[in-house]
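Start from chain A and add chains B and C according to the hints.
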Amino acid sequence: MLRNRHEARWWSLLVVVALLVIGCSRRETRVEAGGREQILYEGNGGEPQELDPHIVTGVSEQRIQMTLLEGLLSQDPVDFHPVPGVAERWDILPDGKVYTFYLRRNAKWSNGDPVTARDFWESYKRILTPSLGAEYSYMLFPVKNAKAYNEGKITDFNQVGFKVLDDFTFQITLESPTPYLLSVINYHSAWMPVHLPTIRKYGDPYMRGSKWTRPGRFVGNGPFVLAKWRVNDVIVVKKSPSYWDHDRVRLNEIHFLPIESDETEEHAFRAGQLHITETTPLTKIDFYKRRYPDLLRIDPYLGTYFYRCNVTKPPLNDKRVRRALALTIDRESLVADVLRGGQLPAFCLTPAGTAGYTCRTQLHEDVAQARRLLADAGYPDEKNFPTIELLYNTMEQHRIIAEAIQQMWKKHLGIDVRLVNQEWKVYLDSQRTLNYQICRASWIGDYVDPNTFLDMFVTGGGNNETGWSNPEYDRLIAEAARTTDPQQRLEVFQRAEAILLDELPIIPIYFYTRVYARRPEVKGWYPTILDYHPYQYVYLEPNKN
Amino acid sequence: MQETLASQIPNAALLSEAEVGTSLWRDAWHRLKKNKMAVVSAAILAVLSIASALAPWIAPYSYEEQNLDLRAVAPQHGHWLGTDALGRDQLTRLLYGGRVSLMVGIVATGVALLIGVTYGAISGFFGGAIDVAMMRIVDIIYALPFTIFVILLMVFFGRDIRLLFIAIGAVEWLTMARIVRGQVQSLKKQEFIEAALALGLRRRRIIFLHMIPNVLGPIIVYATLTVPAVMLLEAFLSFLGLGVQPPMSSWGLMIKDGADRMEECPWLLIAPGVTLAVTLFCLNFLGDGLRDALDVRASKD
Amino acid sequence: MLRFIAKRFLEMIPVLFVIATLTFFMVRLAPGGPFTTEKSIPPEIQKKLEVFYGLNKPLYQQYLDYMGNLLKGDLGPSFKYATWSVNELIWSAFPVSLELGCYGLAIALILGLSAGIIASLRQNSAPDHISMSLAMLGICVPTFVIGPLLILIFGLALGWVNASGWDSARDRILPSLTLGLFYAAYIARLARGGMLEILNQDFIRTAHAKGARPRRIILKHALKGGLLPVVAFLGPAIADIITGSFVVETIFQVPGLGRFFVTAAFNRDYTMVLGTVLFYAVLIILANLVVDIVQVWLNPKLRFE
Chain A
1317 MLRNRHEARW
1327 WSLLVVVALL
1337 VIGCSRRETR
1347 VEAGGREQIL
1357 YEGNGGEPQE
1367 LDPHIVTGVS
1377 EQRIQMTLLE
1387 GLLSQDPVDF
1397 HPVPGVAERW
1407 DILPDGKVYT
1417 FYLRRNAKWS
1427 NGDPVTARDF
1437 WESYKRILTP
1447 SLGAEYSYML
1457 FPVKNAKAYN
1467 EGKITDFNQV
1477 GFKVLDDFTF
1487 QITLESPTPY
1497 LLSVINYHSA
1507 WMPVHLPTIR
1517 KYGDPYMRGS
1527 KWTRPGRFVG
1537 NGPFVLAKWR
1547 VNDVIVVKKS
1557 PSYWDHDRVR
1567 LNEIHFLPIE
1577 SDETEEHAFR
1587 AGQLHITETT
1597 PLTKIDFYKR
1607 RYPDLLRIDP
1617 YLGTYFYRCN
1627 VTKPPLNDKR
1637 VRRALALTID
1647 RESLVADVLR
1657 GGQLPAFCLT
1667 PAGTAGYTCR
1677 TQLHEDVAQA
1687 RRLLADAGYP
1697 DEKNFPTIEL
1707 LYNTMEQHRI
1717 IAEAIQQMWK
1727 KHLGIDVRLV
1737 NQEWKVYLDS
1747 QRTLNYQICR
1757 ASWIGDYVDP
1767 NTFLDMFVTG
1777 GGNNETGWSN
1787 PEYDRLIAEA
1797 ARTTDPQQRL
1807 EVFQRAEAIL
1817 LDELPIIPIY
1827 FYTRVYARRP
1837 EVKGWYPTIL
1847 DYHPYQYVYL
1857 EPNKN
Chain B
7 MQETLASQIP
17 NAALLSEAEV
27 GTSLWRDAWH
37 RLKKNKMAVV
47 SAAILAVLSI
57 ASALAPWIAP
67 YSYEEQNLDL
77 RAVAPQHGHW
87 LGTDALGRDQ
97 LTRLLYGGRV
107 SLMVGIVATG
117 VALLIGVTYG
127 AISGFFGGAI
137 DVAMMRIVDI
147 IYALPFTIFV
157 ILLMVFFGRD
167 IRLLFIAIGA
177 VEWLTMARIV
187 RGQVQSLKKQ
197 EFIEAALALG
207 LRRRRIIFLH
217 MIPNVLGPII
227 VYATLTVPAV
237 MLLEAFLSFL
247 GLGVQPPMSS
257 WGLMIKDGAD
267 RMEECPWLLI
277 APGVTLAVTL
287 FCLNFLGDGL
297 RDALDVRASK
307 D
Chain C
55 MLRFIAKRFL
65 EMIPVLFVIA
75 TLTFFMVRLA
85 PGGPFTTEKS
95 IPPEIQKKLE
105 VFYGLNKPLY
115 QQYLDYMGNL
125 LKGDLGPSFK
135 YATWSVNELI
145 WSAFPVSLEL
155 GCYGLAIALI
165 LGLSAGIIAS
175 LRQNSAPDHI
185 SMSLAMLGIC
195 VPTFVIGPLL
205 ILIFGLALGW
215 VNASGWDSAR
225 DRILPSLTLG
235 LFYAAYIARL
245 ARGGMLEILN
255 QDFIRTAHAK
265 GARPRRIILK
275 HALKGGLLPV
285 VAFLGPAIAD
295 IITGSFVVET
305 IFQVPGLGRF
315 FVTAAFNRDY
325 TMVLGTVLFY
335 AVLIILANLV
345 VDIVQVWLNP
355 KLRFE
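Chains as they are written, first to last, in our numbering: chain A, 1317 to 1861; chain B, 7 to 307; chain C, 55 to 359.
Since the hints were made in silico from the structure, they are not lab data.
Check before you lean on any hint, since a few could be wrong.
[Unchecked claim] 20 Å max Cα-Cα, derived SDA-like pairs, lysine to any residue:
no. : chain 1 : residue 1 : chain 2 : residue 2
1   : C       : K278      : B       : Q196
2   : B       : K194      : C       : K278
3   : A       : K1544     : A       : G1532
4   : C       : K101      : A       : G1525
5   : C       : K93       : A       : D1847
6   : A       : K1544     : C       : D221
7   : A       : K1527     : C       : W145
8   : A       : K1605     : B       : V79
9   : A       : K1544     : C       : Q100
10  : C       : K101      : A       : T1749
11  : B       : K195      : C       : I347
12  : A       : K1460     : A       : R1421
13  : C       : K126      : C       : P68
14  : A       : K1605     : B       : E270
15  : A       : K1469     : A       : F1457
16  : C       : K101      : A       : R1748
17  : A       : K1527     : A       : P1609
18  : A       : K1555     : A       : E1569
19  : C       : K93       : A       : P1609
20  : A       : K1839     : A       : P1609
21  : A       : K1555     : A       : K1839
22  : C       : K93       : A       : T1749
23  : A       : K1463     : C       : Q100
24  : B       : K194      : C       : F257
25  : C       : K93       : A       : Q1365
26  : C       : K93       : A       : K1469
27  : A       : K1635     : A       : S1785
28  : A       : K1460     : A       : R1442
29  : A       : K1469     : C       : Q100
[To be verified] To list a few chain A residues with every Cβ distance to chain C over 12 Å, as calculated:
no. : residue
30  : Q1365
31  : Y1418
32  : L1590
[Unchecked claim] Just a sample of chain B residues kept apart from chain C, beta carbon distances all over 12 Å, derived:
no. : residue
33  : I50
34  : A52
35  : A57
36  : A139
37  : M160
38  : R184
39  : L203
40  : N290
Beta carbons: idealized from backbone N, C-alpha and C, even for Gly.
Here chain A stands alone, though its shape is the one from the complex:
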């Protein structure tokens, strides 16, 4: 208890002074300090599950893996095309099936060991070994016998199309010509080498559970090394002195912050704690457009947002019904008014310009035709059309889109759609077991080639999940895989996608963009269609104010 008024006065004075001291001490923000010391702070979405490139590869993981490891090829920062990595040059035989890579002599692992062709051979053996259960082993399936080995049909890895010609020469033989191979090899974690001796030290290299990816243990050959890993807090990578091109690397450190909540990340960005965010919340896009237009980035992205239709049950087993639904979505309004993130309306599945391919078949929104189709299908006057369920996983974005589309279908076709949202895993399970009528879906391309989108829908494909089956489509996709001539190959895809857009087991809605915030002092960072940015080219140039 305050004994008298005087004491009270002293206490209040103390409090005021304390507040002033706290408040007026103008602290240097983290990005300012980072700009001085070449430390980049980047929001990385969710906490990485694992940094072993052969075990888990999601976007958050791959970003970090790309700093720690380098494959045969690397990426050009501006348009991501393949450039020399560990391999300083390569040649391809005319039949398109044999690639020979000539490795540079000065590529080193972070513990000083040289990177040799043998390292690559061992790494690819590891990822294809069945017992490891690598999720992305299929990225290596263009290689001869890789699939057979991975499925356990053959057990001698020497039969797989990888050959060590000498310490610094590595040869890959493919099943059939794969035009997009180099654009996969140059970035995908599945194709990165790992340091087997290190993995062996901490466990069985052909089983999960080797704890070699911890800081202090991780040995990689990339521009950075793993310095710190605190779960849900930060992952720090530091410039690697043993990287062969380390002179080019200007950043000293990168701090990856696994901020899951979009709003939290946005606050952190504005408070000067991040240079780059992973994303921008839907609610803040207009805000940034108005107030910080030079900080907002909207980059094209290789992904499509679409609705899957379960074609095994009425009324969606009738392709006229599906077409009617597809033709009454006002995609322009969705993109311009609801999403507002610079997305593009999608009238076909594959994003335009993917490796030079733009689908010629396009949907044309047409309400009158939609109504006719519905009538033809047996539902004139919208009266007896049953209520269908639209499933989406619980997220603001999907809800808003679903609500808007629900209204569009009601308004133009008079049909009732019930929105069902399910928690993420339940939703995935429902989708996989075809326990839905229409459900929201998206697909981000694994590599820059139409095949990554179109081969989803072959009969029984794991990512088909619609129950749709069309033998001609299957045939065309298989044919494309065998076609050597690039132009001819794209023509085959045109025919395939035409079938897809005629039968419409899926209803394309929009093409993704990457919407995120980036401070102007980040240089050497260019929009790439897969949204990966090689960090050896990135640097910070703070303003000299």
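Showing chains B and C alone in chain A's frame:
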């Protein structure tokens, strides 16, 4: 001056009136009526409840009607509380949201009260092995993962709003039971209970007629704390995506949406936030009034 | 007293056993598993994963294996975060939640108790109404509103603190405040209610009549009984507060344990769910034990149980 004896004896009629026995409840009602804050609160609550219940008839728009041309506009003529990101009228959604939130609040709290008070009273009264077993069951249920529980409910019973009541009630009764048990345990030692036991009154009668009314004080206070907890739990579930389904809305969901857009569209937060706050304030004053009214010892007369 | 404590510890074992069993089967009931992903995994690969994690064994076998490991204190590998074991994750996250919880609790107790006790002493006066109204605000404004509001004001507008993170000492301020205000409000109301119950009793009047000093009355006579409801509330509240709050940790990016409770469920990370549930259960039981002991101490009438 000399005062006659007669003048010192109050009027017989008045005397007999004053002597007429009133029950605990009638006394309480009387005291409650005199508490102005409580009466005002009750009135406000009644208005809110009726307005929400009548939402389908009095709301100016439909709750799902979108107007993409008038997205996120501030309060103006025609949309007295503004619109949300899809151009839906906030006033309408507030009224409809009230139906959900008030129902969840009242029903879930009611369920929690019913189960919790009974359970806690029995456990506290009987003591011994029964008490131990009952309290350990409470411990077990308390530790089970709530998120999984809700997910399972949603999976097995569909997306019924009533699920929310069950899920929330299932969590809140536990603490209520513990508190009641504590109160009953201390009450048990009091003389009037010992007297009742000695008189051979049936235990059920003792528990329900004598103990519970006397622990009503803390129960009511905790109930007035439970209703906001329930409503916020509903908001939290919506935050996780396990709660109310769109396009239906609840105050919790509206507050969550409003919080996300706090900077650009403050009206989206203010309207449901103030409404929720007012509701809870009124519940609080009403609760305080009830507690004061029922607390015999607090009576100053 | 010692026998009482020993008895409660013994009771803990079957309780934990039941919790572990129930949770084990509960999580597996939910559709979707730890390896249900958006880009579907080829079935052969899925089989390999299941073998590694033992998910291919019959359910009762998995259960027995898990319980066997549990007795050794091994909570298993996290299904989602392949690099870490559940023990490691809890071990690194709990100290953070504990620290945050302690600060929050301190704020809650200081603010709540003082507000509640003062309000009860001046029943129905201005300080009473004002502090109780503020307390009501603390209860009915959700943390996901207070948190961002504080961030906007102190983090962004004024720039006094970071908007999120858990690095410097200053980072502790806003999350502790957000966490603490919520519990402070509860404690204030419960304290006031409990104190009023006591203060209106006869023995207090007697003490007044006898001329005892007001402060003595409060401290010696009223507090013990008046704080009973607060103590009862604090038991589970302390366990809740030190295992972290999902909302606070998400908003302020605090690497604590609270987030795992929710995210493990969403990830179907079976072992993590079980690990966090059991950890929490132990804390709750201990907290209740402490509460029961304190209640007995505060209320001598309970001593002859």
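Status of the hints after comparison with the structure:
1. Between C/K278 and B/Q196 the CA atoms are separated by roughly 17 Å; this keeps the pair inside 20 Å, and the hint holds.
2. Between B/K194 and C/K278, the direct Cα distance comes to roughly 18 Å. Compliance with the 20 Å bound is thereby established for this hinted pair.
3. Between A/K1544 and A/G1532 the CA atoms are separated by roughly 8 Å; this keeps the pair inside 20 Å, and the hint holds.
4. With a CA separation close to 16 Å, the supplied pair C/K101 and A/G1525 stays within the 20 Å bound.
5. Of the pairs offered as hints, the one joining C/K93 and A/D1847 holds, with about 18 Å between alpha carbons and a cut-off of 20 Å not exceeded.
6. The suggested pairing of A/K1544 with C/D221 holds, with an alpha-carbon distance near 14 Å, which does not exceed 20 Å.
7. This hinted pair checks out: A/K1527 and C/W145 have alpha carbons roughly 17 Å apart, not beyond 20 Å.
8. In summary, the hint linking A/K1605 to B/V79 is supported, as the alpha carbons are separated by about 17 Å, within the 20 Å threshold.
9. Restraint check: the Cα-Cα separation between A/K1544 and C/Q100 comes to about 31 Å, which exceeds 20 Å; the hinted pair is violated.
10. Restraint check for C/K101 and A/T1749: satisfied, since their Cα atoms lie roughly 17 Å apart, inside the 20 Å limit.
11. Between the alpha carbons of B/K195 and C/I347 the distance comes to roughly 18 Å, so the proposed pair stays at or under 20 Å and holds.
12. Restraint check for A/K1460 and A/R1421: the C-alpha separation of about 27 Å exceeds 20 Å, so the hint is violated.
13. Distance check on the hinted pair: C/K126 and C/P68 sit about 17 Å apart at the alpha-carbon level, within 20 Å; holds.
14. Between A/K1605 and B/E270 the alpha-carbon distance is near 12 Å, which keeps this suggested pair within the 20 Å criterion.
15. With a C-alpha separation of about 14 Å, the suggested pair A/K1469 and A/F1457 falls inside the 20 Å cut-off, and the hint holds.
16. Distance hint between C/K101 and A/R1748 is fulfilled; the C-alpha atoms sit about 16 Å from each other, no more than 20 Å.
17. For the suggested pair A/K1527 and A/P1609, the alpha carbons sit about 44 Å apart, so the restraint of at most 20 Å is broken.
18. At roughly 6 Å between alpha-carbon atoms, A/K1555 and A/E1569 fall within 20 Å of each other, so this suggested pair holds.
19. Distance restraint check for C/K93 and A/P1609: the Cα-Cα separation of roughly 34 Å exceeds the 20 Å cut-off, and the hinted pair is therefore not satisfied.
20. This hinted pair checks out: A/K1839 and A/P1609 have alpha carbons roughly 17 Å apart, not beyond 20 Å.
21. For the suggested pair A/K1555 and A/K1839, the alpha carbons sit about 17 Å apart, so the restraint of at most 20 Å is met.
22. Taking the CA atoms of C/K93 and A/T1749, the gap is near 14 Å; set against the 20 Å cutoff, the hint holds.
23. Proximity of A/K1463 to C/Q100 is assessed by CA-CA distance (about 15 Å); at most 20 Å being required, the pair is judged to hold.
24. Only pairs whose Cα atoms come within 20 Å are accepted, and B/K194 paired with C/F257 is accepted, the gap being roughly 18 Å.
25. Taken as a hint, the C/K93 and A/Q1365 pair is honoured in the structure, with Cα atoms around 16 Å apart against an allowance of 20 Å.
26. In summary, the hint linking C/K93 to A/K1469 is not supported, as the alpha carbons are separated by about 24 Å, beyond the 20 Å threshold.
27. Of the supplied pair hints, the one linking A/K1635 and A/S1785 holds, its CA atoms being roughly 13 Å apart against a limit of 20 Å.
28. Our distance criterion of 20 Å between C-alpha atoms is met by A/K1460 and A/R1442, whose separation comes to about 16 Å.
29. Restraint check for A/K1469 and C/Q100: satisfied, since their Cα atoms lie roughly 17 Å apart, inside the 20 Å limit.
30. A cut-off of 12 Å between C-beta atoms contradicts the statement that A/Q1365 is not in contact with chain C; the least separation is 5 Å.
31. Every beta carbon of chain C lies more than 12 Å from that of A/Y1418, the smallest distance being close to 33 Å; the non-interface claim holds.
32. With a least CB separation of 10 Å from chain C, A/L1590 falls inside the 12 Å interface cut-off, contrary to its annotation.
33. For B/I50, the requirement that its beta carbon stay farther than 12 Å from each beta carbon of chain C is met, with the minimum near 14 Å.
34. Every CB of chain C is more than 12 Å from the CB of B/A52 (nearest about 19 Å), matching its label as outside the interface.
35. No Cβ of chain C comes within 12 Å of the Cβ of B/A57; the nearest lies about 19 Å off, and the non-interface call holds.
36. Not every CB of chain C lies more than 12 Å from the CB of B/A139, the least distance being 9 Å, so the non-interface label is violated.
37. The beta carbon of B/M160 sits about 9 Å from the closest Cβ of chain C, which is not more than 12 Å, so the claim that it is off the interface is violated.
38. At roughly 6 Å, the least C-beta separation between B/R184 and chain C is not larger than 12 Å, which violates its mark as non-interface.
39. Remark: the non-interface label on B/L203 is consistent with the geometry, its nearest Cβ contact in chain C lying 16 Å away (cut-off 12 Å).
40. Not every Cβ of chain C is farther than 12 Å from the Cβ of B/N290; the closest lies at roughly 5 Å, contradicting the non-interface assignment.
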